[in-house]
Each structure stands twice: as C-alpha cells, then as structure tokens.
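Listed here are the chains, written in short residue letters.
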Amino acid sequence: MNYTSIKDIDNLDQWVQQAIKIKKKPLKNKKLGKNKTLVMLFFNPSLRTRLSTQKAALNLGMNVMVMNFGSEGWTLEYEDGAIMNSGSSEHIKEAAAVVSQYCDIIAVRAFAGLQDKEKDNAETVMSGFLKYATVPVVNMEGATGHPLQALADAITIAEYKTKARPKVVLTWAPHPKALPQAVANSFVEMMQLQDAEFVITHPKGYELNPEITKDSHIEYDQDKAFENADFIYAKNWSNYNEYGQITNSDPNWTVTAEKMKLTNNAKFMHCLPVRRNVIVTDEVLDGPNSVVIEQANNRTYSAQLVLQKILKK
Amino acid sequence: MNYTSIKDIDNLDQWVQQAIKIKKKPLKNKKLGKNKTLVMLFFNPSLRTRLSTQKAALNLGMNVMVMNFGSEGWTLEYEDGAIMNSGSSEHIKEAAAVVSQYCDIIAVRAFAGLQDKEKDNAETVMSGFLKYATVPVVNMEGATGHPLQALADAITIAEYKTKARPKVVLTWAPHPKALPQAVANSFVEMMQLQDAEFVITHPKGYELNPEITKDSHIEYDQDKAFENADFIYAKNWSNYNEYGQITNSDPNWTVTAEKMKLTNNAKFMHCLPVRRNVIVTDEVLDGPNSVVIEQANNRTYSAQLVLQKILKK
Amino acid sequence: MNYTSIKDIDNLDQWVQQAIKIKKKPLKNKKLGKNKTLVMLFFNPSLRTRLSTQKAALNLGMNVMVMNFGSEGWTLEYEDGAIMNSGSSEHIKEAAAVVSQYCDIIAVRAFAGLQDKEKDNAETVMSGFLKYATVPVVNMEGATGHPLQALADAITIAEYKTKARPKVVLTWAPHPKALPQAVANSFVEMMQLQDAEFVITHPKGYELNPEITKDSHIEYDQDKAFENADFIYAKNWSNYNEYGQITNSDPNWTVTAEKMKLTNNAKFMHCLPVRRNVIVTDEVLDGPNSVVIEQANNRTYSAQLVLQKILKK
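Chains as they are written, first to last, in this note's numbering: chain H, 14 to 326; chain U, 14 to 326; chain L, 14 to 326.
Each pair may be met inside one copy or between any two copies, as identical chains are not told apart.
In silico lysine to aspartate or glutamate, DMTMM-like type, Cα no more than 20 Å apart, as pairs: (1) Lys43 with Asp117; (2) Lys144 with Glu307; (3) Lys20 with Asp228; (4) Lys36 with Asp117; (5) Lys180 with Asp228; (6) Lys190 with Asp263; (7) Lys322 with Asp117; (8) Lys37 with Asp117; (9) Lys144 with Asp295; (10) Lys217 with Asp263; (11) Lys38 with Asp117; (12) Lys144 with Glu296; (13) Lys38 with Glu172; (14) Lys237 with Glu220; (15) Lys190 with Glu85.
None of these hints come from the bench; they were simulated from the model.
Modelling step: build the complete structure from the supplied sequences, incorporating the hints.
Structure representation (structure tokens):
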C-alpha cells in the first residue's frame, strides 16, 4: 500500500474517524512500529511535514532516518536510457531500490519546479520512487498533490463542522512568490469525496488543472462564494495555464474580516506557512474562528493514520 | 518552566550539586523522558550544543527531532503587523505555536547578528519562541546569553575548586572574527550568583553591557587581574559599545604560559571552539591545568539537568 | 578497536561468515547497543553509507546522532602548532576529544580533496580523529580507503561465488568527474586477503598507489582481463600519478553486454552511485547478473558487523 494521492483513500469518512480516534490515544499503537524504520527524503524545505511525520512515526514506535537529499546525497537522474555524463550522479532506479533495503517505508517531498508543466504533471520524482522502490511510498508533497495535508484538512473539517453538509470554500489569495498547485489540488480531490457544498473561487485565468477540478463548482466572484460559507480555506497557487507564472496579485483577494462577515461565521483554514496581511489579515488569522493551528496539529494524526495503515498491511 | 537565562536558576549551588549527581548516574532517569519529544531548532552552527543536548535528552529516554531552521525550513518574520510580501514565509506566531504541538520542549539556537544592537538585545528569535510557544523553551545560545554553557561552567568550577571562595577571572582575548557577547554575559551573570572573587579583565572600551556586569569588578590590567587567580576563563567578544566591531586585536591579551604563572596555579577554561595561539597558546591549552575538555563534557549534564527539571514540572 | 582500514580485519573469511549470520538475524543483538551512542560525522555527501550505517546501529539498539560537519559545525584545523587567526574555528584536538565524550563510537566520512596528494595520503581528517578521539573510530570513506564498502563487497562475493577460487576483475571505467581512489584501494586490499584470481585492469597511466596494489596482477588489456572472469567490479578513479586529473575518458572502457560475454557469466558489481551508460550500460546494470542492489544491501551488515565487534570489546 502506498499513499501518494487522495485516490489512495478508499473510504474518507472512515479514515477521518480513525484519525480522530488516534488523536485521542496517540500512543495506543506504540508497538506496531517496533523495529520498523521510516526514511524521510526531502528534496525541498519543510517544517510541519518534517516534524509531524517524524512525530507520527515516533508515536508508533518506529525508527526514523531523515535525509535532505539535495544537500546530503547525490543528484538524481530520472530519464530512462540517459547517458549520465553530466550533472546527475545516480539514477532513481538504484537510489529507490537501495533505500528500500534500509527501511520499511519511504516518505518523499519533491515540489513542482514550475518550469516544465509536463514534467511536473508526470511527478517525476514521486513516480520514480513509486516505480523503483520495493517498500511503500508516502507522499510528503509532490509536484501536483499534498495528500497528507488534505487528509489533515478533512480531519479538521470533521472536528469543526456543525452541520452534516457544510459549505466549504477554497479561495485563491495573492502571494509574492510563485507557488505550486499541490495543496489546492489535493484539497479539491479530497472535497470531492465529502458530502459538502464545495466552491472554488479564484480570479479568471487561475483555473486549476480541469482533470482535477472536474465538475467542482467554480465561482469567480469571491464575495458571492463566501456567502453562507462554513469554512474558508485560503491558498495561493501560481497560474496553471500560463504555467508557473504570477499573472495576478490583486490585494482584493486577501481574506479580510470584512469578507469573513459574508460567511456563516466560517472557520478560517490554511495549510501554513501563511503570509500575513497578504493571504489573510492578522485580524482573521488571530481571530477566534481561525483553526490553522489545530489544522497543523492534525498533520500528526493524518501521517500517523497513513503509517499505521501501511504497517498493518 | 523555561530555561532561557541565568535568571531562571533559582538556586545555583543546588543546581550544580544536582548536575554532579546526574553526572555520576546519567541513566538514572532514563524513564522520565519516555514518549516525550525534544525539538532542537538551529538558526546557527553548533557542535557541542548540538551533540551534548541530544545526548542529554537520550540519557533521559526522550525522542529528539533536530532541525536546521535556516536551510531546512522557512524564513521567519518576527514583527507584529508585518505585511509579509517580501522575504519571510512564515510568522513566528504560527511557527512557534505549531512546533509546540509536535513536542514537549523546544530548544533554540539563534546567535546575535551583531548588526543591530537593539534587535539583538531584544532577543528577537528567543523572545518570539518564548511568547508564542505553548511548551517550555530552552536557550541553546541566544543573542545575549548562553545559559546552558554558563551552567556547565559552574559545574566545572565546583569540580575543580580547592577553596570555598576561589578567585575567578574572565579575560577577554583577541579573535579574528567578530563574536557575540552571549557566552561572556551568561558567565558574568552566573558568577554573580557564586561565592567567589570575580574579576573581569579586558581592554578599555570593551566593556560588556553594564546592565549585565552591574557592580562586577572590572580590571583593565590583565596581569593584575591574573594575580592569584584560581580559574582563568578566556573568551573573546566583539565591542559592545561600537557594536559588533573589532576595535582591538592586541596579541598581548592572548593567554600564555608566562601569564598563567601570575596565577595561583589556575585552571584554564574556555567554552570552545577556541582559536589556538590566538586566544590561548598551545602550551596552556595542552597543559595539565587546562580543563576545557571536561568543561565541554559538563555540557551534557548541564543540559540534562535543565531537561530533567522541565520534565519533572 | 578502530575500523579505519582493511588492515583492521584480522580474519576476512571469519568476518564475512559472521556478517552473513547477522544478515539472517539482524535483530539478534538488539540489546548490545542499548544506551550506546554512535555519532556519524559527514564532511561529504552520502546516501548508502548514511542510511545503512544508521540502520546497522538501530539494528543493534544504539542511539544515533548524525551531523553534517561542514554546514552544521565549525571549520576544523588539523595542523599542529597552527596560529588559528584565519579560516578555521576549531582544532581537531578539541573537536575529536569533545565529541568522544558524547558518544561511544565516532564514524567519519571525509573524501580526498584530490588537490594535494600528500595531504590526501596522510588522511588528515581520519588520522586526526584516530589520534585525538578517545572512543573507537569507524571510517565511512576516507581519502584513501572505504573499508566498510570493501567488507560489503567481500560479503557479496562470498554470497555469489560458485567456486572456491573465483576470478575477480576490478576494471577502471570512464567518468565525467574526477573521483578519489578510495573504493578501488580498499577493494584491492580486501582482495589481497581472499583466495581468488584477482586482476586489475585500467588504461596505462592509471595505476593505483603501488604501495596498495603491491604484487596484484595488472592487465592493461580489458578484454583479456575479462576472459573467464566470475566477477566484474567496475569503478572509476582519477589519475593517481597525475594526481586527481582526468587523463582518459575513453568510452571503450565502459562495461558493455558484449564485453560481459567474454566472462564466465560474471556477476557485475559496483559500489554505487553509478553513472549509467558511462561506467556500464543499462543492459548490463539491469541484467540478471547485476548484483549491485544486493551489494548495497550488504552495506548494512558490513557496518553492523563492525559496530558489533566494537561494542563487544
């Protein structure tokens, strides 16, 4: 069993309930991971994912080996048949097969480069590990998805919702740096598995990959989208059509207290790190309806559920 | 309970005796830290602190997660109300609150930048963690203090002193690079809690922050200061008045065997790393009265005492 | 007991049999390392060594502290009597002595710089740790040797050989970057302890240090060397005479399927990382006779044997 995409969740409601159970007694399965080892490979920076996934593994009694692949290891080649006489020192074929022998689960973080849409969509790194690793692979944010985050988001919504079918709004917000679509993508895919009124709002032209959004409701008027919302999930992403570009930085898309008044006393969510007063104002983020810290807390239980499921297989 | 300053020591003599007890049986409290996690966040390089604090936590049975914040995480913002549309990706408010959820104690190393006296004196990073973390914070060297080092120094003095009230001299020595005042500051504050004849000696103009030295005896004549000393503690710091500048590199301040002859067969101390033949000559450092290696050894027990006290609360 | 050279192996056959036994029951000595700590110091990148040595220590129940010395610690000085008023912050004398107090075994990786033959041959870093550490030292690849790799190679040959006295060929192969001779050196020294027909093949001028090759058979005709071989071990090294230079990049030395036909159905070995289609073609590396992945797997048991022997002393 791998966990590299929301598609790996067979029953979201059940998973969320199981995660909430883990959260209540995080050390209950302390023996499950005895003598099992998680290797965490980072091709990009990480704070929450780094610490919460490690913590989850420790809660299960696992050993953890953390490696920053870029600075501590070798540059990898991903192309089949490559003549490796320039930059790359090692092919993913060997790297993934070898690392598999030193551990029981491999977790990988490898962001989108945002330079080459096709390459990012191919999830070169994650797919390489999936193909050549001989142990289960966990996605700690790939080029196109961040399923551990989306699972934590689902837990958070389950904890805070006050009605069976809440209105959940994913709103784009401006950001000074070009960011991947990964978090938004997995959130959309996760919401498609939920009983909810789900709305995506963003400026025209900022459509996510239509193969991911499918028939999810897109509303270009942010104010209209916010009406009666129970959850506002803010997130920036760079343009998917003009790939990796920032074509809009309109501050009117920043989530403000005034805009939150349009909602049904909505909870405010964000995956963090968040740019204060750019994505969202201090007033909202520091307000009583902000659940971003608890949402980050749920990262531990999201990861622990996934590791636990893999260990039990 | 936090440990971010010498002021957090309620009874120095008692602490030192407890640390010496720990040193004799370092594994006695191996169960105290079971299922507890220490997160160590480094904003700067570290050898002794990195390894001894980890070792201390392991002696207590704790889990440890180590993170080099600069290269592995996100650039932090510390200012309230900042519009985060440039370099910083995450505010200390979120970072400290989030990390707190993944561990039981946060230890932080964040050196003085030596560019902005006011900012360094405000201990921006350490204060940020103290303010927003929801678990205890331990200082692994901040901008203005290094209390784990000073506690190890106190242990070392207790172990080697041959009289109830030894003469202890903190001497400035030259150094090619501008260094923070942190180690000297905490040593001074720690000595102010000791029954000792304490003398600080340095070139005129190299006064430490007077709010720290208070009425400690300052002697500008190094030879005179060394007379009858039982302990010579050498340390460079950059100019505090002409903040962060090197205004003196007089080799006459180097601690030599000849100067040590002025003392009462004094033990030589330094926090390490030490520049040989700049701070102190090989002859002194390699001589029988040098206790720098044992002093470094005491870093483990200093850290272990602090972690143990926090865990017991 | 240290393990910094093949010379530290007192009985290769016995060691290999012990390692194979460990491989069958890797957790049998889980209690041996209880409350013992391994410090791994990296002055260079590492994938296999980093993870397999850690894994070996975990299999023995040890604690592990990993440190990238270059980026996380201080620049070290190795020269006796140095006046340290420029780049280096700490002398190996203090560093090695201090680290020894925080652990039970120190493992060190420090590649050849390939700039200064004499300095590389002196093994400045490794020798420094050997001289000043007060706990056992393990070589995780030094300037002139990689004995953990060679021990893994010996295990691999033992596992795959089909006759008492196999023909083993170490063949040079081209590489775009200047590489150290360390792996080749230790392999040669290890083979000299084996009952085997051992042949080294490389272009004229690419002779390894004659103090290491001694009377090992050197054959400049690669085809002739391959005849009837049972094992082909490919490895690039830069020129030892024109020290650290690349004076040959002849693609005819690449190991191909055609060349492998000259052998006695030989197994193909390489220490990894390997440049595909430069050192060896995909066809050979992906073929049924390639044992490079199992060879990498044996790194765990090679390291575990060494750690186990040290712990038992």
